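Here is how the chains run, residue by residue.
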Amino acid sequence: EDQVTQSPEALRLQEGESSSLNCSYTVSGLRGLFWYRQDPGKGPEFLFTLYSAGEEKEKERLKATLTKKESFLHITAPKPEDSATYLCAVQGGSYIPTFGRGTSLIVHP
Amino acid sequence: SQTIHQWPATLVQPVGSPLSLECTVEGTSNPNLYWYRQAAGRGLQLLFYSVGIGQISSEVPQNLSASRPQDRQFILSSKKLLLSDSGFYLCAWNGGALINYGYTFGSGTRLTIV
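Heads up: the protein sequence lines correspond to chains U and A, in order.
Going by the numbering used here, the first residue of the first sequence is number 43, and it counts up by one from there.
Going by the numbering used here, the first residue of the second sequence is number 1232, and it counts up by one from there.
Check each hint, because a few of them may be wrong.
[Unchecked claim] Taking beta-carbon pairs under 10 Å as the criterion, some of the chain U residues facing chain A (in silico):
| # | residue |
| --- | --- |
| 1 | G74 |
| 2 | F90 |
| 3 | F114 |
It is worth saying that the hints were derived from the structure and are not from the lab.
Source: prediction; values computed, not measured.
C-beta atoms are modelled at their ideal positions from N, C-alpha and C, and glycine is treated no differently.
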C-alpha cells in the first residue's frame, strides 16, 4: 500500500524566512510525485510533477526536489501570498495517486 | 484551454435527503474523472473514478454513487444523506490512458448535512 507522510503539519514563517516542507513516501514503482497548493475553500492547484530521484523543478519562490524516499518543497524568501496548504501525492503502479494530509503554511508580514 | 466546472459551491441538506453534484469538463475529450472528499483536517479521500462513459470504479463503500452519462460529465449522487457525508467534495480530471500527469481540480462543493 502506498503511503505519504507530510511534515510538519503546520508551519509559521516570517516574511523572507526560507524553509522546507517534507514529503516522505513509500510506493511500489514510483510513476510520479506531485505537489499541489490549496487555498482555503478552493480546490488544489497543481504545482509540480517529479518523476525520478535527483530531479528538481522551480516555480517562482518554490523549488521541489526528489530522492528515493522523500521530496522537499523549498520556499525561498516567502511572502504572505504563499500562505496555503501544500499537498503531496505519489502515484505508483495502481495509477491512482495517494495524497498526504498536507502542510498548512502561514507567512506573516 | 481545458476548464472544469463544479456546482454548487455550497450546499446545506437535511439528513435523509437526496444529493446530486455535477461536474463538467471543457476543452478535452475522454478525460479520466474523479470524485474526492476532503474532511476537515484530513487528506483527500478518493470516492470514485471513471475512465470512460458508463465506467465507474468505487474506492470506498458508502451510500454515495457516481455516474458518467456523457464523456465530460460526472455526477455524484446519494438517495439518503447521512451526517457523516458532510465535507468538501472535489471533482478532478486528468488526461492520458491512466497515466497521471497531475490532476486539475474543480473549485469544490462544501456540503453540510443538518
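Quick rundown of the hints versus the structure:
no.: 1; hint: G74; in the structure: holds (6 Å)
no.: 2; hint: F90; in the structure: holds (8 Å)
no.: 3; hint: F114; in the structure: violated (18 Å)
Consistency note: the structure conflicts with earlier hint 3 alone.
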